[in-house]
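Student: Next come the chains, spelled out residue by residue.
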Amino acid sequence: MKIGLEVHVQLPTRSKMFCSCPTEGDAEPNTRICPVCMGFPGSKPSLNGEALKLGLKLAKMLECSIPDTTWFSRKIYFYPDLAKNFQITQQETPVGLGGVYMLGDKPIRITRIHLEEDPGKIKRTSDGSSLIDYNRSGIPLAEIVTEPDISSPAEARKFLASLLADIRHTIDLEPDSERSVRCDCNISVGKERCEVKNVTGLKNVERALTFEVVRQTKILRAGGKIERETRHFDEERKVTTSARKKEFEADYGYINEPDLGTYHIARMASEIENKETPMEMAVRFENDYGMTAKAARQIISTDIRLAGFFEDLAAATDTETAKCLVSGVVSSNWKGFEPTKGSLDDIISMVRRFKEGKITDVECNMRVRCIMTGDEDTCRICSEDLDKIVGRALDENPSVIADYAANEKAANRIIGAVMKETGGTYSSAEIVSAVRRLITERL
Amino acid sequence: MDRETVIRVARSAHLELTEEEIELYRRDLEEILDYFRVLDDAPSSDDLLVNPVEVTDVLRSDEPHMEIPADTLLEDVNTYERYVRGPRVQ
Amino acid sequence: MIDLSKLPAINERYRMFSEITSEASADAEFAFSAKDNLTAVGFRARAGSAILEGYEPVFDAACVEKMRSAGGFLVGKTNMDEFGFGSFSVNSAYGVPRNPYDAERSCGGSSGGAACAAAVMDGHVALGVSTGGSIACPASFCGVYGMAPTYGRVSKHGLIDYGNSMDKVGILSGDAKDLGRYLPVISGEDRRDPTSCNHPPLAKKFRKLKSVALVRSETSAGVDAAIRAAEEELRSMSVDVEAVSMDTLRYALPAYYVLASAEGSTNIARYCGLRYGRQDGDLSMKFDDYFTSMRSQYLGEETKRRVILGTFTRMSGFRDKYYAKALGVRNAIISEYKKIFERFDAVLTPTMPFISPRFDEISGMSALESYRADVLSVPPNLSGLPHVSMPCGYSEGMPVGMMLTADHWNDDMLLSAAEDWQDRFTAIPPEVSL
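Which chain is which? The protein sequence lines are A, B and C, in order.
My numbering puts the first residue of the first sequence at 1, with every later residue one more than the last.
My numbering puts the first residue of the second sequence at 1, with every later residue one more than the last.
My numbering puts the first residue of the third sequence at 1, with every later residue one more than the last.
Don't read these hints as lab results, they were simulated from the structure.
It is possible that part of the hints are untrue.
[To be verified] To be clear about the criterion: a stretch of chain A counts as covered by chain B if any three or more of its residues have a C-beta under 8 Å from a C-beta of chain B, and this derived list gives those stretches:
| id | stretch |
| --- | --- |
| 1 | 5 to 17 |
| 2 | 32 to 43 |
| 3 | 48 to 62 |
| 4 | 132 to 139 |
| 5 | 260 to 267 |
[Claimed, not checked] Here's a subset of chain A near chain C, in silico, CB distances under 10 Å, partners left out:
| id | residue |
| --- | --- |
| 6 | F78 |
| 7 | P80 |
| 8 | N85 |
| 9 | S129 |
| 10 | Y252 |
| 11 | G253 |
| 12 | I255 |
| 13 | N256 |
| 14 | E257 |
For every residue, glycine included, the Cβ atom is placed at its ideal position computed from N, Cα and C.
All chains, full assembly: derive it from the sequences and hints.
Tutor: Rendered as structure tokens:
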């Protein structure tokens with residue numbers, strides 16, 4: 001089985017690709033439009049430099065070769081959401097060619113990455129006509145095309161999830177619903193392939209591909225022949241259906257786009273400092289921290305932020321301690337944990353206390369888990385010693401309880417006293433929560 | 001240049017031709033393409049493939065800005081509740 | 001004060017405008033017109049096409065905006081071949097402009113209305129557009145000066161596209177000095193049109209033209225005689241004139257028609273009865289059928305011809321043979337020009353091989369025959385080179401034009417040459433009586 005994907009990602013620019021209309025804001029239809037993205041006669045496109053830069057960052061991330069010069073092309077097809085009845089895209093000189101993406105140990109070859117404009121959106125009405133909103137028209141897209149190196153629907157989903165995480169990391173893409181990923185999926189079980197167009201979201205990609213595997217396998221088992229065709233995925237029924245044979249032949253008749261000129265992208269790319277790619281990071285982890293390739297990838301593929309935290313912890317303590325903690329308790333509690341600067345610092349100071357011999361490894365693990373999960377039982381056990389200290393302070397200052405009822409700031413006196421007494425053994429967050437909890441109990 | 005090609009090309013360009021038009025354009029295109037054959041022996045080079053003068057590295061900064069209010073733009077457009085009304089797509 | 005009271009009567013006779021201002025007079029420094037494929041707030045922009053009926057642009061073309069802020073009053077939009085597709089201005093949905101020297105003859109095209117206005121109206125500056133000769137040809141046929149600058153010299157913001165890699169906004173006028181007066185006004189970088197950016201600016205002090213390479217060509221006897229006389233006149237102005245041959249020029253016409261129709265067919269794709277212009281079709285139709293019916297109904301004969309031709313030349317299987325080849329041929333032609341410009345300031349040819357044809361002659365021409373009329377005006381246009389057409393004689397009472405082509409960005413040499421020529425050449429204005 002061979003699967004290749006064409007992944008469309010909206011790039012996080014503030015203005016559109018070929019005009020200055022905002023990419024976000026008013027959700028009302030046709031509020032973010034101008035003569036350019038409406039294709040009005042007389043309007044001319046001009047390229048958003050940020051879109052090109054983001055495209056080059058992704059091309060570098062995917063280890064593509066970047067041509068010296070690029071230009072855009074017109075891809076001509078007629079559809080009501082396409083304002084000019086041609087799409088400005090890249091045909092001959094995409095921003096990146098011939099890259100590779102490592103999915104764990106497995107290389108997935110990247111055919112190309114190119115930039116293009118998104119069309120508008122169409123709503124169907126009950127009377128049969130359509131309603132078009134051009135707010136999306138001209139939003140910049142990067143299209144990443146893979147070779148047919150993916151071998152199962154599940155792997156396709158895994159690949160997409162991993163690729164998207166890396167894309168987010170590289171171009172600071174916020175995960176939100178509006179900028180969802182769209183895919184064209186090419187799949188062949190036998191010799192001939194089918195393309196399932198415009199599938200939205202990871203789950204649907206896996207579903208559409210799984211449906212195709214079953215469908216194509218059945219046909220082949222029955223001695224039938226797979227017809228090369230374009231298919232649509234019906235999200236509700238979770239099936240793919242043959243796109244009606246085109247009355248109008250899909251001959252895009254590409255020409256070079258003369259309204260924009262050319263761009264020296266190799267030079268531009270050499271000036272772009274990409275963040276370290278996950279793959280580069282894995283290699284460095286092996287070299288710098290003596291990790292196995294598997295362990296390094298394990299940490300990095302879990303979350304790039306986990307990898308970053310590992311480095312911070314190693315710097316604050318030592319490599320062996322960091323490896324032990326991160327591959328153990330931190331990794332196992334990472335899912336569901338929303339890392340903030342404060343919570344990560346708390347973990348680091350806890351590990352420091354362990355290193356200094358103030359707490360045992362068992363206690364350290366437990367306290368780290370408490371910070372990461374906020375799980376009450378764990379926290380209670382962790383807090384037993386702290387509870388005793390706080391209780392004593394409250395015994396010494398009984399008026400605080402009544403004052404707290406009037407003004408919560410009264411707790412600050414106890415918090416301050418406990419902090420002073422414990423001298424950094426506990427994090428401020430821990431102390432605050434323990435003090436509040438114990439005062440409330442005594443109210 | 002045969003009838004079928006003229007019809008096929010016109011169809012892809014979203015033009016429906018009458019019988020007279022098909023014959024007219026068939027004849028014209030045959031004559032024109034025949035004349036274009038002189039290009040087969042013409043010298044050629046790949047210096048500039050987009051414009052006849054160099055137009056390079058013209059980029060716009062990523063600043064959102066709307067010069068013409070969207071409502072002004074929609075004044076002459078056939079709309080329904082701000083949506084542009086279009087033909088059937090199913 | 002500009003008196004506009006005669007405008008309706010003038011237009012009634014010559015049909016050079018597709019729309020005129022409703023004012024009777026204007027308090028402005030000068031009057032100008034814009035070809036109907038340039039947008040101007042307050043006027044429709046239909047580019048000679050019925051499918052654009054109802055399109056009222058909400059923005060000024062850059063050149064219109066600049067002329068207005070320089071004190072110009074826009075008197076109207078000049079008639080033209082639909083989208084610029086033509087050499088005789090007979091392909092317009094809004095009437096056919098009449099040649100002021102002989103109403104039975106063409107004004108040339110596609111900026112025919114602009115040339116006619118420049119010839120008939122005193123002190124009038126006409127903004128025209130040239131893709132393959134659409135300024136030079138009508139300037140020649142109407143006996144006026146017509147300048148198409150280097151590609152990218154003038155912003156195309158607000159220009160309704162024909163062949164984007166060749167479209168240029170230029171100027172036509174009965175007075176050569178207007179070219180030098182107004183080209184600096186409309187020139188310059190405009191971020192709204194990337195092709196106008198990062199170029200050498202127009203020289204403030206126009207350089208003198210010292211030498212020209214004369215390329216002989218097949219023309220009518222009348223045109224030939226006028227050019228020979230002009231040659232002598234140029235020599236007497238101490239310009240070196242030397243005959244040369246340019247082998248690649250014969251490839252220019254086919255290369256131009258391939259590129260222009262390929263690009264043009266993609267530009268015409270957007271006209272489908274949606275968003276602007278004609279929007280009165282039956283929306284319950286399937287979109288393919290809706291688009292097809294609107295386009296078939298409202299696009300003109302020549303537009304359809306070029307759309308079919310252009311779609312064919314970029315179709316897979318033919319793209320390399322036609323479109324890609326033509327791009328390469330253009331480079332070869334530019335290279336040959338550049339070699340000539342190492343030795344000469346400009347190339348001299350007749351603008352058109354014959355005087356303006358009569359309408360009955362035009363209707364008898366095949367498509368290819370009318371394309372061939374552009375054989376001399378196409379090469380500089382294909383190559384993005386600045387060129388100026390100047391009246392240089394008369395044959396059968398009709399004007400003959402000669403064309404100077406200079407190297408990229410040497411527009412200033414042509415402007416000074418036109419002014420110097422005007423000092424020497426006595427033009428015979430058409431008889432206009434109202």
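Student: With reference to the structure, classify each hint as holding or not holding.
Tutor: Here's how the hints hold up against the structure:
| no. | hint | result |
| --- | --- | --- |
| 1 | 5 to 17 | holds (count 3) |
| 2 | 32 to 43 | holds (count 6) |
| 3 | 48 to 62 | holds (count 5) |
| 4 | 132 to 139 | holds (count 3) |
| 5 | 260 to 267 | holds (count 5) |
| 6 | F78 | holds (5 Å) |
| 7 | P80 | holds (5 Å) |
| 8 | N85 | holds (4 Å) |
| 9 | S129 | holds (4 Å) |
| 10 | Y252 | holds (8 Å) |
| 11 | G253 | holds (4 Å) |
| 12 | I255 | holds (5 Å) |
| 13 | N256 | holds (7 Å) |
| 14 | E257 | holds (8 Å) |
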